[in-house]
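Starting from the known structure of chain A, arrange chains B, C, D, E and F on it as the hints suggest.
For reference, the chains in residue letters:
Protein chains: 6
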Amino acid sequence: MPYVNIKITKDGVTTQQKAELIKGVTTLLQKVLNKNPATTFVIIDEVDIDNWGIAGEQVSVHRNKSK
Amino acid sequence: MPYVNIKITKDGVTTQQKAELIKGVTTLLQKVLNKNPATTFVIIDEVDIDNWGIAGEQVSVHRNKSK
Amino acid sequence: MPYVNIKITKDGVTTQQKAELIKGVTTLLQKVLNKNPATTFVIIDEVDIDNWGIAGEQVSVHRNKSK
Amino acid sequence: MPYVNIKITKDGVTTQQKAELIKGVTTLLQKVLNKNPATTFVIIDEVDIDNWGIAGEQVSVHRNKSK
Amino acid sequence: MPYVNIKITKDGVTTQQKAELIKGVTTLLQKVLNKNPATTFVIIDEVDIDNWGIAGEQVSVHRNKSK
Amino acid sequence: MPYVNIKITKDGVTTQQKAELIKGVTTLLQKVLNKNPATTFVIIDEVDIDNWGIAGEQVSVHRNKSK
Chain A
70 MPYVNIKITK DGVTTQQKAE LIKGVTTLLQ KVLNKNPATT FVIIDEVDID NWGIAGEQVS
130 VHRNKSK
Chain B
70 MPYVNIKITK DGVTTQQKAE LIKGVTTLLQ KVLNKNPATT FVIIDEVDID NWGIAGEQVS
130 VHRNKSK
Chain C
70 MPYVNIKITK DGVTTQQKAE LIKGVTTLLQ KVLNKNPATT FVIIDEVDID NWGIAGEQVS
130 VHRNKSK
Chain D
70 MPYVNIKITK DGVTTQQKAE LIKGVTTLLQ KVLNKNPATT FVIIDEVDID NWGIAGEQVS
130 VHRNKSK
Chain E
70 MPYVNIKITK DGVTTQQKAE LIKGVTTLLQ KVLNKNPATT FVIIDEVDID NWGIAGEQVS
130 VHRNKSK
Chain F
70 MPYVNIKITK DGVTTQQKAE LIKGVTTLLQ KVLNKNPATT FVIIDEVDID NWGIAGEQVS
130 VHRNKSK
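Keeping their order, the protein sequence lines are chains A, B, C, D, E and F.
Here the first sequence is numbered in the working numbering, starting from 70 and rising by one per residue.
Here the second sequence is numbered in the working numbering, starting from 70 and rising by one per residue.
Here the third sequence is numbered in the working numbering, starting from 70 and rising by one per residue.
Here the fourth sequence is numbered in the working numbering, starting from 70 and rising by one per residue.
Here the fifth sequence is numbered in the working numbering, starting from 70 and rising by one per residue.
Here the sixth sequence is numbered in the working numbering, starting from 70 and rising by one per residue.
Isolated chain A (complex conformation) (with noise of 0.2 Å):
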């Protein structure tokens, strides 16, 4: 009865990789804890770069110092 929760930043990640963590996700969990899938949820949050923060600053921010 596992929740997973990930948060990644919005990239234009495509519906084909979201299938990707959560097949992933819940197959790890299955094999680790031998956790029922059916009962399993993987919830995924899109964050946007600006409400991200990393190192004092936003990620839009810090990427382009980055370059």
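Hints may contain errors.
Given that identical chains are not distinguished, each listed pair holds provided it fits within a single copy or across any two copies.
Straight-line C-alpha distance at most 20 Å; calculated DMTMM-like pairs for lysine to aspartate or glutamate [stated by the list, open to error]:
| id | residue 1 | residue 2 |
| --- | --- | --- |
| 1 | Lys104 | Glu126 |
| 2 | Lys79 | Asp114 |
| 3 | Lys134 | Asp114 |
| 4 | Lys100 | Glu89 |
| 5 | Lys104 | Asp80 |
| 6 | Lys134 | Asp117 |
| 7 | Lys134 | Glu115 |
| 8 | Lys79 | Glu115 |
| 9 | Lys104 | Asp119 |
| 10 | Lys104 | Asp117 |
| 11 | Lys79 | Asp117 |
| 12 | Lys100 | Glu126 |
| 13 | Lys104 | Asp114 |
These are computed hints drawn from the structure, not numbers from a lab.
Here the structure is a predicted model, which is why all the values come from computation and not from measurement.
Frame of chain A; chains B, C, D, E and F shown alone:
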């Protein structure tokens, strides 16, 4: 001073239904634990059905299979 | 398939009270949005009053001032 | 390696204000707990005022009553 | 720079199993989305079975009924 | 009416340090967004270092390697 987060799939939930959820949860916490409604927060997150997984697949896929 | 997280202060909430919260929230979601109880999750977090802040101070301090 | 999640109502918060929140929280964690900014995450969620409840009603309703 | 939160019931999960979950999720995010493991956070919450509800009742009660 | 959740590793954070975090975040939200401290919640979660992963391994392991 409770904080409640309700995550549901984004399925055209109306403003009226959201109001009922907020009212209902706040009243419940007052009744069961004598919590003060004035400092009871309820946050509703509506999650895209491509971003919610159950049984190892996206709700968008899972529902189609159930039809 | 809703997911609900209730955060309250750790104040000797009884097992019976937790059961009432879980039952109440699940019934509310069924009534308002026709959600299936079988896949409704409710998680209660009890938070130490040193770790919960309101009005810029810990609940442990805030309560003493209110006495 | 802290993770901070700030939830606020969606009220036209500017990019500059978000940057100040991220900078401020990261600096605070460095000052108080000596946490490394390079691995400090801050995620800001802007919540629709129909989806945030206080005092048993939506913020959208609550504010109108206060006028 | 993903953040992943895994909530599971507190059932004697071992340190080794936690390590496998952390490794597995981090590898999955690297494989599917090319995310950098160095800034991938995984937080595991173990929830008391009195505090987790499913089907309108506590897991502690729900499991006994299933026996 | 902001809600802030701070997750840090469980490393003997003192009550005084928690008070400083709560005070600091609340003041920041008042300064940047004019938020009312009376309805600003701050919740601090202290996470066991076996339950926090970075770079694909537990913090408990990661720190030993860094020594």
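Here's how the hints hold up against the structure:
{"no.": "1", "hint": "Lys104 - Glu126", "result": "between (38 Å within a copy, 15 Å between copies)"}
{"no.": "2", "hint": "Lys79 - Asp114", "result": "both (8 Å within a copy, 13 Å between copies)"}
{"no.": "3", "hint": "Lys134 - Asp114", "result": "neither (25 Å within a copy, 24 Å between copies)"}
{"no.": "4", "hint": "Lys100 - Glu89", "result": "both (16 Å within a copy, 10 Å between copies)"}
{"no.": "5", "hint": "Lys104 - Asp80", "result": "between (31 Å within a copy, 12 Å between copies)"}
{"no.": "6", "hint": "Lys134 - Asp117", "result": "within (18 Å within a copy, 32 Å between copies)"}
{"no.": "7", "hint": "Lys134 - Glu115", "result": "neither (22 Å within a copy, 26 Å between copies)"}
{"no.": "8", "hint": "Lys79 - Glu115", "result": "both (5 Å within a copy, 15 Å between copies)"}
{"no.": "9", "hint": "Lys104 - Asp119", "result": "between (36 Å within a copy, 18 Å between copies)"}
{"no.": "10", "hint": "Lys104 - Asp117", "result": "between (32 Å within a copy, 16 Å between copies)"}
{"no.": "11", "hint": "Lys79 - Asp117", "result": "both (5 Å within a copy, 14 Å between copies)"}
{"no.": "12", "hint": "Lys100 - Glu126", "result": "between (38 Å within a copy, 16 Å between copies)"}
{"no.": "13", "hint": "Lys104 - Asp114", "result": "between (23 Å within a copy, 15 Å between copies)"}
Violation of the numbered hints given earlier is confined to hints 3 and 7; the remaining hints are satisfied by the structure.
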